[in-house]
Each structure stands twice: as structure tokens, then as C-alpha cells.
Amino acid sequence: MNRENIRNGLLAFVGLGALTAYLLACASFSPDDSKIVFPAYDRVSGHIGVARYDRKARTTEQLFVLTTGSETLKNGFALRPQWSPDGRYVIVAWPGDGTNDTLCLQALPVGQAGPTRLLTVPGIEKAAEKLSLPLALAGPYLFLAGKSNVVRLDLETGVTKTNSMPGELQLYASPTGDRVYYAGKGVGQAGTFEVGRVDADRLTLTPLLSLPSDSITDAGLLGISRDGRRMAFLTEKDKESAVVVYRGDRLEKSLQLGDGEPRLKLGYVQWSPDGQTLYAPYRHQAANATNVSFGVLEMPLNGRPMRRVPVLAGLGDGDESDILFFQIGLSHDGKTIAVASTYLMGDEKPHLRPEDYALFLVDLSSPKRPILRVRLPLPQPPRAGSSRS
Amino acid sequence: MPGGWVLPCCQRCVGLYAGAAFAVALQILVRPRPTGRFLKCHGLFLAQMVPFGFHWVSQGAVLRTVTGYLFGYGLIAFLWLQARQVFGLSYSSRAGRLWRYYLTLGFGLMTVVALALWGGRFGALVLIAWVMIGALALAVLAGANLALGLGTLGRWLLRTGLGGLR
Numbered sequence: 000m001n002r003e004n005i006r007n008g009l010l011a012f013v014g015l016g017a018l019t020a021y022l023l024a025c026a027s028f029s030p031d032d033s034k035i036v037f038p039a040y041d042r043v044s045g046h047i048g049v050a051r052y053d054r055k056a057r058t059t060e061q062l063f064v065l066t067t068g069s070e071t072l073k074n075g076f077a078l079r080p081q082w083s084p085d086g087r088y089v090i091v092a093w094p095g096d097g098t099n100d101t102l103c104l105q106a107l108p109v110g111q112a113g114p115t116r117l118l119t120v121p122g123i124e125k126a127a128e129k130l131s132l133p134l135a136l137a138g139p140y141l142f143l144a145g146k147s148n149v150v151r152l153d154l155e156t157g158v159t160k161t162n163s164m165p166g167e168l169q170l171y172a173s174p175t176g177d178r179v180y181y182a183g184k185g186v187g188q189a190g191t192f193e194v195g196r197v198d199a200d201r202l203t204l205t206p207l208l209s210l211p212s213d214s215i216t217d218a219g220l221l222g223i224s225r226d227g228r229r230m231a232f233l234t235e236k237d238k239e240s241a242v243v244v245y246r247g248d249r250l251e252k253s254l255q256l257g258d259g260e261p262r263l264k265l266g267y268v269q270w271s272p273d274g275q276t277l278y279a280p281y282r283h284q285a286a287n288a289t290n291v292s293f294g295v296l297e298m299p300l301n302g303r304p305m306r307r308v309p310v311l312a313g314l315g316d317g318d319e320s321d322i323l324f325f326q327i328g329l330s331h332d333g334k335t336i337a338v339a340s341t342y343l344m345g346d347e348k349p350h351l352r353p354e355d356y357a358l359f360l361v362d363l364s365s366p367k368r369p370i371l372r373v374r375l376p377l378p379q380p381p382r383a384g385s386s387r388s
Numbered sequence: 000m001p002g003g004w005v006l007p008c009c010q011r012c013v014g015l016y017a018g019a020a021f022a023v024a025l026q027i028l029v030r031p032r033p034t035g036r037f038l039k040c041h042g043l044f045l046a047q048m049v050p051f052g053f054h055w056v057s058q059g060a061v062l063r064t065v066t067g068y069l070f071g072y073g074l075i076a077f078l079w080l081q082a083r084q085v086f087g088l089s090y091s092s093r094a095g096r097l098w099r100y101y102l103t104l105g106f107g108l109m110t111v112v113a114l115a116l117w118g119g120r121f122g123a124l125v126l127i128a129w130v131m132i133g134a135l136a137l138a139v140l141a142g143a144n145l146a147l148g149l150g151t152l153g154r155w156l157l158r159t160g161l162g163g164l165r
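Which chain is which? The protein sequence lines are L and P, in order.
The first sequence runs contiguously to residue 388 in numbering that gives the first Met the number 0.
The second sequence runs contiguously to residue 165 in numbering that gives the first Met the number 0.
Everything labelled a hint here was simulated from the structure, so no lab data went into it.
A couple of the hints might just be wrong.
[Said to hold, decoys possible] Partial pick of chain L residues on the chain P-facing surface, computed with a CB cut under 8 Å: (1) Gly-14; (2) Leu-15; (3) Met-305.
Even glycine gets a Cβ: it sits at the ideal position worked out from N, Cα and C.
Kindly produce the complete structure, drawing on both the sequences and the hints.
As C-alpha cells, then:
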């Protein structure tokens, strides 16, 4: 063998080795829908925390438990877990104890070495209410709407950058995790509801759409398509509710929610990856009924009829705002919806039967929409003086 | 997700396979001679995957795609050295063709990133096609190199008698 052949052979071996190493390591580089994080009460202490369900292993483990703070906080409903866009961290957010203008965050490394980071962000007005929506995570940053400002938090360094803003904003991450949108009233012209993009570096606003504010029922129900070109809102006119879809600033479609369905309440809208279907959690109480049902409403944009997939039925009355505690997550491949019934527990009237305290996975790839119920261990009875007694 | 379409692999892998597709085409059309400088450059393309792959460096979607793209070029350059013999391809004797190679490398990189960011459904389809071509090319080259390596090992064992076949 001459030297060139030996060299070529060795370099080919290096190439094969590099390719092999890459293929073996690739699964850890991006979120792969194999694991789901959701709020769950700790079985031992009864305090709120975060659990992780492994879909391949079919096992559930508690990742995080909030053990400090007041009983109201530890037994409450305002803790939100969410994957970072690159899948390297599980971000857990909760409001500051005894104050509603501080947000606490913990970044838990997943499947990799690295420290757990604890971060605190002051000056976030109504921090607990802000956790009713997914965190606006984009890249390595979390974006928050404070009191007349926008705050960008670097999750790895804890450094914040702030820019003043008019009006009252809600922030939304794009489903791709690389852009942030805003929506709010009083941002642009008076009497308008404005939607636009947030510049991640300068924290300035670029408006994309402006609507009469009295036609939008709730700024928290904005759903953005994965390509960022279409938006869905819930509107109400003459007591008739509809989901409207805008492409840019042009109304593309209006989906009526049915005749006289004032008792159908929708939650946060999500888009399918192909942009052909909207999904939203619903709470429904039939006329003259004393119990309610929760489920997933599918809204095809191609003219096909809407479809309700019931997840929980026959629950106690509760309140219309309970829909905020029944939030769905759509997998990146669009084939599964996950929803946990955790926050429908407790309060003055327990909503759930023991077997309904679970993580539910709706299989969207099957026409029958089978639901996998992952029952969760019931937490210990709350201690005296807690808000869940 | 250009145009809302879910690509078959992650951002880095899209870059890798698209880069491999471009690199294979260049190896066939331009036939760059593997000079020392050429090999060192592509060795760096391989080595840069270490800090980015292990997330020692903060990175976003674009940088992940770029690092994957360059890694694809590095893989093809190294895997092509022996495998070209299987396909009966020789290197170009013309000096100065490398500038076409690197120019196309840069143009391809910008195209891949642009399609991923702004290409919509068309971009998604093009990227999917490049990913498939690149993955197939890598599979063929890996197979060819494995076959050549095993053949060489077999001949050496026969020659030295260590294979116990004499």
C-alpha cells in the first residue's frame, strides 16, 4: 500500500466514525415528541410540581415539586412547565410568593449535563395571569410583558433587557420557537386590537394586523400558524361566537361555533403543522344541565365539519373560567394532543373523579381519535388551611 | 418548519444532508483534488461539530443548519477519497477549479438557509428532496467505504496468514 492509500483509508475511517457518532447522538439535539411535561401534584406532599411522561417507556416521573412558599402557592394552580425550543431544558414558571409582580423560573437540564438554573424576574405585573398562556420562549430567551414594557430574559445568564411599551400586551411564541408575537389593546390606535411581531434584539414592535377591539372577546385566545402568516381569534357578535382566521391583514375565514352555543367556551387555539386545522380545548355545559364536559374541538379550515372529542364528561359545575385550567399541547408532528386534568382538581368543589386525574393523549392520526388515559397517583389530602381543602 | 411543513429531521440534520447532496454533486462535477489544504479545511468542517453538537456554544436555528451543512461537506470529502475508485472517477488535473467548489459551497449554504427561513412549502419540498439525496449519498458512500475496508482487511489477513485460512 502506498502512503496515499493509507492516508485515504485513515481519513475514510475518520469520516465513518464522525458519521456514526453524529447519528448516535442526533436524538438529543431537538425535541422529538417522545416526552411530555405537565403540572402534577406530588404524591407524597400534595404540593404542585411537574411530571414527565415518557411515551416510549410508558412511565411517569415527578421532575419538580414546589416545596417552598405559602400553602396557597404550593397547593395552587399557577405553575407552568414548558420545554425550551431546543429541547434541552424544561422551564418551570410560577408567580412570586406573596406578590403578583414577580415571576420565578427554574430551568431543568434534560438529558444532558449542566446546572439547574433558578431565575427571578421582578416587575412582571399580574405574573400569575400571564402563566395562563404558554411562555413566550424563542431561542435562548424568555420574553415577558411587564408593566408597560417588554422584558427579555436570557435563560442561561439571567441577564434581562427591557424596553418600554404602550398599552397592555400579551406575548406569544411562534410554534417553531424562533419568533415572538404580541397582541393587545391600546398598543396602536385607540380602540384597536393590534397584533404584530417583537424584534428579539431591539424589543420593538412591528404591527401586522389591527382590528376593532370590541370585536375580540379575549386577547388570550390568539393562535398563530407555524409559518407565522395566519392568526386565529375568538370573536363575539350579537352573542354569536366565531373563530376568525386572518392571513396577514385579510380575513380569510370565519367559523361559526354553532347556533346559540353560549355555553361552549374555548381555550387557547393551536394550529396543525399543515395549517389546515385549528385545535382548541373546550368546556361545554348543555342547556339545563348541571354538569360539564371538557374536550378538544377540531376546526378544519377546508370546509369539513367541526368535531368535538370529549375527554372528560359528567364533571361538577365549576366555573366558565375553568377552561383556563384545561390547556392542550399539540405534538410537533401534529399527531397527538396532550392535556392534563391536574388543575381541575380541588377548589371548593372537586371537579374530578379519581380516575379522571390523569394525562390524556388524543391520537389524531386515527379517525376514531382514541384517547390514552395515563392515570396519575392521587396526591395526599391537602393539609388544613390549604386552598384545596 | 418552512411553510408549516414538518421536515423529516432536525435543523442540523437538514443542513448536513443538504450539504452532503451539494458536496457529492461537486465531487462528481468539479472533481476537486484533495490537497493538504483541502483536507485540513474539511477536517475543520468535521471538528466544528464537536462544540456545536454538544451545545458548548449557544446557537439558534440558522447556526445549527450551517454547522450541519459544513459537517456534510466534511463527511463527503473524507468518504469520497477511497470510494471514488469504486465509481471510477479521477480527480481533475486542472489547477484552480477549487474556487468553483468553494463558491458553490457558499451559494448552497445561503440557499439552504433561505429556503428554510422563507421558502414556504416550495422550500420545504426542495429541502426534503435534498435531504433524501444527501442521505442516500451518505449511505452509499458509507457502504462503499465499509466494503473497501473489509476487503482490505480480508486481503491483509490472507497475506499474513492471521486469518487462519492457509
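Chain P contact restraint on Gly-14 of chain L - CB to CB distance below 8 Å = Hint on Gly-14 of chain L: holds, closest Cβ of chain P at ~3 Å, below 8 Å.
Should the hint that Met-305 of chain L touches chain P count as held when the rule is a Cβ pair under 8 Å?
-> Cβ of Met-305 of chain L sits 21 Å from chain P, so the hint is violated.
Against chain P, is Leu-15 of chain L within 8 Å by beta-carbon distance?
-> holds (6 Å)
Consistency note: the structure conflicts with earlier hint 3 alone.
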